[in-house]
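Colleague: This is what each chain is made of:
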Amino acid sequence: MIKEVREPLIFEISSPGKRAGRLPVLDVPETMDGLAGAALRSDIDGFPEVSEPEVVRHFTRLSQKNYCVDLGLYPLGSCTMKYNPKINERLSGLPGFAACHPHAPAELVQGCLEVLKRLETYLCEIAGMDAFTLHPAAGAHGELVGMMMIRAALEARGDARKVVLIPDSAHGTNPSSAHICGYSVKEIKSDERGTIDVAGLEKAMTEEVAALMVTNPNTLGVFESDICRIAGIVHAKGGLVYMDGANMNALTGVVRPGDMGVDVIHINLHKTFSTPHGGGGPGAGPVGVRKELVPRLPVPVVEEKDGRYALSFDRPGTIGRVRAYFGNFSILVRALCYILSLGPRGVREIAEYAVLNANYIRKRLEGDYHLKYETPSMHECVFSDRLQKEHGVTNLDIAKRLIDFGLHPPTMSFPLIVHGALMIEPTETESKRDLDLFVEAMKTIAREARENPGILKSAPHVTYVRRLDEVAAAKNPVLRWEEAA
Amino acid sequence: MIKEVREPLIFEISSPGKRAGRLPVLDVPETMDGLAGAALRSDIDGFPEVSEPEVVRHFTRLSQKNYCVDLGLYPLGSCTMKYNPKINERLSGLPGFAACHPHAPAELVQGCLEVLKRLETYLCEIAGMDAFTLHPAAGAHGELVGMMMIRAALEARGDARKVVLIPDSAHGTNPSSAHICGYSVKEIKSDERGTIDVAGLEKAMTEEVAALMVTNPNTLGVFESDICRIAGIVHAKGGLVYMDGANMNALTGVVRPGDMGVDVIHINLHKTFSTPHGGGGPGAGPVGVRKELVPRLPVPVVEEKDGRYALSFDRPGTIGRVRAYFGNFSILVRALCYILSLGPRGVREIAEYAVLNANYIRKRLEGDYHLKYETPSMHECVFSDRLQKEHGVTNLDIAKRLIDFGLHPPTMSFPLIVHGALMIEPTETESKRDLDLFVEAMKTIAREARENPGILKSAPHVTYVRRLDEVAAAKNPVLRWEEAA
Amino acid sequence: MSYLSLSDKDKQDMLAAAGVGTIDELFCCIPEEVRLKRGLRLPEALTELELARTLEDIGRKNDYPERLSFLGGGAYEHFTPAVVDSLSSRGEFVSPYTPYQPEVSQGTLQIIFEFQTLICQLAGLAIANASLYDGSTGAAEAVLMAQRVTGRPKVLIARTVHPQYREVVRTYVKNVGIELTELPFGKDGRIDAESLGQALDDRTAAVVFQSPNFFGVVEDAEALSKAAHGRKALSVALVAEALSLALLEAPGRLGVDVVAGEAQSFGVPLSFGGPYLGFMACRKDFLRQMPGRIAGRTTDVEGRRGFVLTLATREQHIRRERATSNICTNQALCALRATIFLETMGRQGLREMARQNARKAAYAAERLASVPGVERKFSGPFFNEFVIQAPKPWAEVDAVLRAGGIIGGLGLAADYPELGDAALVCVTELKTRADIDRLAAAVGEALS
Amino acid sequence: MSYLSLSDKDKQDMLAAAGVGTIDELFCCIPEEVRLKRGLRLPEALTELELARTLEDIGRKNDYPERLSFLGGGAYEHFTPAVVDSLSSRGEFVSPYTPYQPEVSQGTLQIIFEFQTLICQLAGLAIANASLYDGSTGAAEAVLMAQRVTGRPKVLIARTVHPQYREVVRTYVKNVGIELTELPFGKDGRIDAESLGQALDDRTAAVVFQSPNFFGVVEDAEALSKAAHGRKALSVALVAEALSLALLEAPGRLGVDVVAGEAQSFGVPLSFGGPYLGFMACRKDFLRQMPGRIAGRTTDVEGRRGFVLTLATREQHIRRERATSNICTNQALCALRATIFLETMGRQGLREMARQNARKAAYAAERLASVPGVERKFSGPFFNEFVIQAPKPWAEVDAVLRAGGIIGGLGLAADYPELGDAALVCVTELKTRADIDRLAAAVGEALS
Ligand SMILES: Cc1ncc(COP(=O)(O)O)c(C=O)c1O
Ligand SMILES: Cc1ncc(COP(=O)(O)O)c(C=O)c1O
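Protein chains in written order, with the working numbering: chain A, 1 to 485; chain B, 1 to 485; chain C, 1 to 448; chain D, 1 to 448.
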């Protein structure tokens, strides 16, 4: 609660002999015979020794140094920071699920398998795909799995091809995932609308090209209106269309990727389907495919036969295993809960209100901030710091100043095609009051940028630490605590 | 996280039509026939209408405006703010306990009854009494029940008597409880040691006197060394000795009230036995009695017969029922867990380390703060602001300034015999580091009082609100939100 | 398990600083002869794992939770949104003391202020306190308060009040010279108006009734209040099922002067009877006679709104024997749960919940009444509980139901011998139509 | 349930402000022909109560949790102190994004820094990252990293590595031109030294082994590392049972260059296989080749210590196709649980837990080996798992045990046909002597 209080590292409050965790007295012989011949260690140097009350205070205090969705608006573009329902946290931890071992015989975990099958079915309907795999642990993992399936499908045709086309507005994981798949990346320029330049695509789309990775709506929050033509061009040359579905929040129930020519798509359950981000994960990145790619799905695949569920491993043509066991199961339970609690109407309302909230913010901030692309926004809008730059103020200064207003900054690290980007995604669960608090803060900051830029430069002022030196951190990295020699 | 952020009242963010809580569609006829003839209301004027995300943010933000044991040292004298084990929170909420209805037949709630019986037994051993009742919901309730039993016992002897003797250092609930029992209160002065003036007691102790209510250690943290003589004096005149056991934390395993002549005692489970305070309750104030008073116990009483438990109501001589059902059950479960996890040695260590920590603080602060009574301290020590008064600084200023150091102030409202009291009780679960942080803060404040009293007068400086006007609050009370007409 | 935080070195350093060699020296002022010379006779310490296993085993000895139960009578099983647990379990709510230092307790204080407002809105009265222990002690406090306000010695209390509440009131008033007179009930299960008329006189401090009463029947609060006021006595309404306040006319609007009761229904688990949530609301002019803590609004030195505990001059730590009550620690955390519950259910959700209770109870009453030999005992309006009369001793019916995994209701023979074989059946929103049909069928079998 | 927060009026006001009449107008740029003209075919919305009942019903269809199980093989059931759940479930930990804004993320960042330190201490290596998806993908990342570091195309991987880890590695390397060669095992259940010698050459990037390996046997990390270094290849150790690190010599001290694996054992529930906790530690000079996020220490403008995500130039959002990995979101909340778990168990507690695993496993191995016809398959040292060989097909034994409520172990026939009727038995600190004796007795019966 007090700004000045600095929380020590646990190692700094450790002292010999203290302990919290204790176990019952051993009820078997003391022997270590089983380990005879193995090199054992005599201690764990520097390992912490603290009491339980100290542990509780340490983490309670640290928790209060975090901002989070439960505290306020978190308009981090491309991250869909919506409310995470508390009931889903409880249900995903039910003993019936939490205590199941991944090696348990399928007959004894029919409930878990039902969860997987149901979620697959619902995602197919929402995305308009023929099948889904739930194995991927996150969006980037989904991209990798999706591209592997594309490659396997092309190889089966006799030619894996060499190149993957990716718009310059794409998220960094796209090229990176394509690369691990053994593809070289060719960048597609965006046109003045911020969307894929169709002419440019037509030129670039050769028989060398395995696939186009398109994000729709793209990272500008703009819908690729030519998506059908684009898909046609790619397909005409024998390529496949991969869609990065991280922005599904703009589309649910309104339009289905499968209906606009997409062959493969990944969805971030930790975005569109409300599973919490947990400060950086775990999430889940299920991948949906069209019929032609179904044989390529990673193993195992859950199969249902009159109410009984089984795991199928014997699938010639599969890309193989992409992760041990069955993916981030408890995250999948949360997503299932979310879909069940929303229903058909509620799932469509996600997109409706996400887009309404984003457009409300956009309209209210036009004029105060520069909008590089006039194209209509879907679930997020990307302003830039161009007007503020005239006063020497950057998007970073604006971001840090927002913190003083008790708000989280927008995304600034991309899209790379907008310099000084401020990518704002409110999500559908925000109240008008919280949206207005944000708008007012942004307007105040725009004024401060003109009248008193210094206060932006020195922001934030109210946090436990002020602006941190990230350059020094990278220059001489200190990545762990070490006992003062 | 941000000091400036003011959280509105829920009523101020309410707007028509919003809702969080929903129920399944009604599966029976719509009829209201059952209520025919009853006056119904058409609405609940002003009742809040908000979404679930808004509820979560409201309470998460409000929670961060509280200081608590999980955040740091809480040296509130006479309150025993020790660490509340997390495991006890989980176990007291086990479905096997939480779902039990108080009207359930005894045969179906044997587990609950076992909890009650076990806790009674363990408290008897710890306090050295013959029986315990677990009905009282808090310490004051326990005092009332204890005094009622004393009165009933005396009435059975033929004379309830009129007066109860209470030392001037006693907590306010003592006289108040005696009063509700129909007794008038006579105050006993403390001597220069801060303990009961035995000569004075001898004079005051007449046949009119029903009982002496003694707190031991008393609210100065001083042990009543003459307790045995005192009990002798009271008993000699046919009176009974009631002990306020709120300070049991100083005695567990070291000395048992029953062994020093106490006839009736209440214990605060929410102090000595680690059940959390919850911002003001719920707690529990079990009352222990000597054999002679067992017939007076409130009903029902749990009885065990070869492993089976039953409730006995038919007890001639009982004072009757003091609360519906069986007391604050889930609090009792927590206390049982605590005793079971500590064991004989651990229970004694409560007192050992509580007294060590208090004496450590006392020794380190002697000289910086005035100590009215030189008598050795047990689990707490009571300083005063006398040295600081010379600089116009009061205990209130010292208290508020401690907040700036991220610490909670000591108790100031009593004992009334120490003006400007600073009653400090660290408890046994504190680390030396946290004790030292407190000592250093207190020393700094002592210096500031001399050199820069202004900063104490204006404290606190780091909280969401600064010093609040309590006089105005009482002068024209605003005790609820009302719709702006 | 031990929760101590000192290493051996810390301990030694601190003993030295305290100027002693051993901890025992610190107990010097305890007379040698009374010190405990042996170790306590308690079970050996358990580790967390052993403790969990032990308590889980004890919990499993309870054979009630899995059953289909229609028990009510002062403790009710209601839906509780998940947010109530996740938010109320936060350390910042669980581990602080009473908010004596307002600057570091604004969370708890604002919540009490909101709780007081919600209770006032439900009760239709001007002021409410921060909580009392439970419904039974709340009833006792209301009776004591009525005496303080009126200075009169006599209190009329309805026999339709929760039997345990009446017992507690009796225990409380025994030593302060209040005479209790019990008011009988009529065929409709309500207070018998005639007997009330006879009992009421100028020595009467209050008419104390419960609505819905212990039989689930809604009393005529307006008529009772009129009668009481006719003799300048107070009208005191007790509420054991607080959810009813969402549907029934607010007592304050019917002339009731004081409402006291039990709010366990608002998100507080059954937990074998406690901790529960006593509450009290009353007319503004009784403010200085009100027991318990009260939070009020004020401002800080910078003019910011803030909240504090106020009117402490009523309380024991200032007034000592002249305090309005001896209560100190109350049920704050339960009040917090209720506040989260009420704000989550909200204006529409709470009323919908109340309506579903009334409708499901009405459906159940009808289904049971259609069982040959079974009839509803009282004709008065009821909320979510009603009394049925079986042609057999209830104990026998109960035994059969129990064998089928059902707890059909609460037998009244012990508390109301005059009712013979009657039982109190409670139906909340958690019971499905199928559950109710199952009960009716089982009762039918039990009687055939 | 709906989690929207706009009232109808809010909605109208906002549409007006946005300059449209209906929400549909906002979707104008979506071509009419592709828009969905019908409602989604999903089950109708459930209220919280219905949802809870539905999921609880599905959960009850799992017939595993109540059984006495000796399954391990990459996922382990360990004691988890209650503080892990109560602290890790706080909204401030559950609901923030990746800590891109360090000033409002110091909690998460400091915890990552502590996690990295704890992993380094356990692994005996200089640096560790903030987490990877799980043990299997961690293994794949380690292989890719070995190739980047050495520029060599060939990787030797032990057949004693978790079969699923090997499958995942195979899937990952398929498209990047890495040749995998599998190293056979000997009678002791360890890598066959001779075959290793033959397979190792100057094209070898790394020798990848798991210790304790999938059979529970501790490999000779020192010898394997020496051999690898002899050819300037890296020694990469995989760890599936991270608890073993508390008892076995730190891999870094035995010459291992990279340790990657699964830390689910540190307070992360079994949860049918995920989310789990991949981790990686390595030598300092590999820092710029390390995949995944890393937190580092720095200072703010006022000189206060603080933490930030650092060395992002390795990562995809800067490096794009030249990044060290495509990983973005990782397993932060699981790493938090592990950090709370490790700091609570502490130096003594964690080692005691590891010792109890070893001792209970040794006891179980002895008891089972005493069952006529049963023998331990491998002679090598083991931690908390071992392979037994039954005179009957394991499936048959398993069927009998299962009928008795026991899951005796993991049959190896599918993954290791060459082992015939062997099974992998895991024993953690949660198994009592009685549990183990019950297993031995049941196996005896199954075979008689
Ligand atoms: C557009 C886009 N694609 C892909 C990703 C990667 O998803 P993940 O972080 O779950 O790996 C992100 C995450 O921010 C994203 O915004
Ligand atoms: C010495 C003493 N006696 C009695 C009490 C009253 O206990 P409770 O608040 O549980 O009613 C207290 C509480 O502070 C106390 O300190």
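If you are wondering where the hints come from, they were derived from the structure by calculation, not from laboratory data.
Just to be clear, a hint being listed does not mean it is correct.
[Unchecked claim] Interface residues of chain A toward chain B, partial, derived using beta-carbon atoms under 7 Å:
| no. | residue |
| --- | --- |
| 1 | Glu-54 |
| 2 | Arg-229 |
| 3 | His-419 |
| 4 | Asp-436 |
| 5 | Leu-437 |
[To be verified] Computed cross-link-like contacts, DMTMM-like style, restricted to lysine to aspartate or glutamate with a CA-CA straight-line distance of at most 20 Å:
| no. | chain 1 | residue 1 | chain 2 | residue 2 |
| --- | --- | --- | --- | --- |
| 6 | C | Lys-61 | B | Glu-107 |
| 7 | B | Lys-475 | C | Asp-300 |
| 8 | A | Lys-117 | D | Glu-44 |
| 9 | C | Lys-392 | C | Glu-352 |
| 10 | D | Lys-37 | A | Glu-440 |
| 11 | D | Lys-11 | A | Asp-130 |
The model shown is predicted, which means the values in this text are computed figures rather than measured ones.
Backbone N, C-alpha and C fix where the C-beta goes; we use that ideal spot for every residue, glycine too.
Colleague: Between Lys-37 (chain D) and Glu-440 (chain A), does the CA-CA distance stay at or below 20 Å?
Modeller: Status violated; Cα separation ~38 Å.
Colleague: Between Lys-475 (chain B) and Asp-300 (chain C), does the CA-CA distance stay at or below 20 Å?
Modeller: 15 Å, holds
Colleague: Hint check: is the beta carbon of His-419 (chain A) less than 7 Å from a beta carbon of chain B?
Modeller: 30 Å, violated
Colleague: Quick one, is the Glu-54 (chain A) hint okay against chain B at 7 Å, beta carbons?
Modeller: 6 Å, holds
Colleague: When the nearest CB of chain B is found for Leu-437 (chain A), is that gap smaller than 7 Å?
Modeller: 10 Å, violated
Colleague: Does the structure keep Lys-61 (chain C) and Glu-107 (chain B) at a Cα separation of 20 Å or less?
Modeller: 10 Å, holds
Colleague: Given Asp-436 (chain A) as an interface hint, is the shortest Cβ-Cβ distance to chain B below 7 Å?
Modeller: For Asp-436 (chain A), the interface hint is violated, since the closest Cβ of chain B sits about 11 Å away, which is over 7 Å.
Colleague: Quick one, are Lys-117 (chain A) and Glu-44 (chain D) close enough, alpha carbons at most 20 Å?
Modeller: 18 Å, holds
Colleague: Going straight from one Cα to the other, do Lys-11 (chain D) and Asp-130 (chain A) come out at no more than 20 Å?
Modeller: 36 Å, violated
Colleague: Below or equal to 20 Å on CA atoms is what counts here, so check Lys-392 (chain C) against Glu-352 (chain C).
Modeller: With Cα atoms ~36 Å apart, Lys-392 (chain C) and Glu-352 (chain C) exceed 20 Å; violated.
Colleague: Should the interface hint for Arg-229 (chain A) be scored as holding, given a Cβ-Cβ cut-off of 7 Å against chain B?
Modeller: 39 Å, violated
Hints 2, 3, 4, 5, 9, 10, 11 from the earlier list are contradicted by this structure; the remaining hints agree with it.
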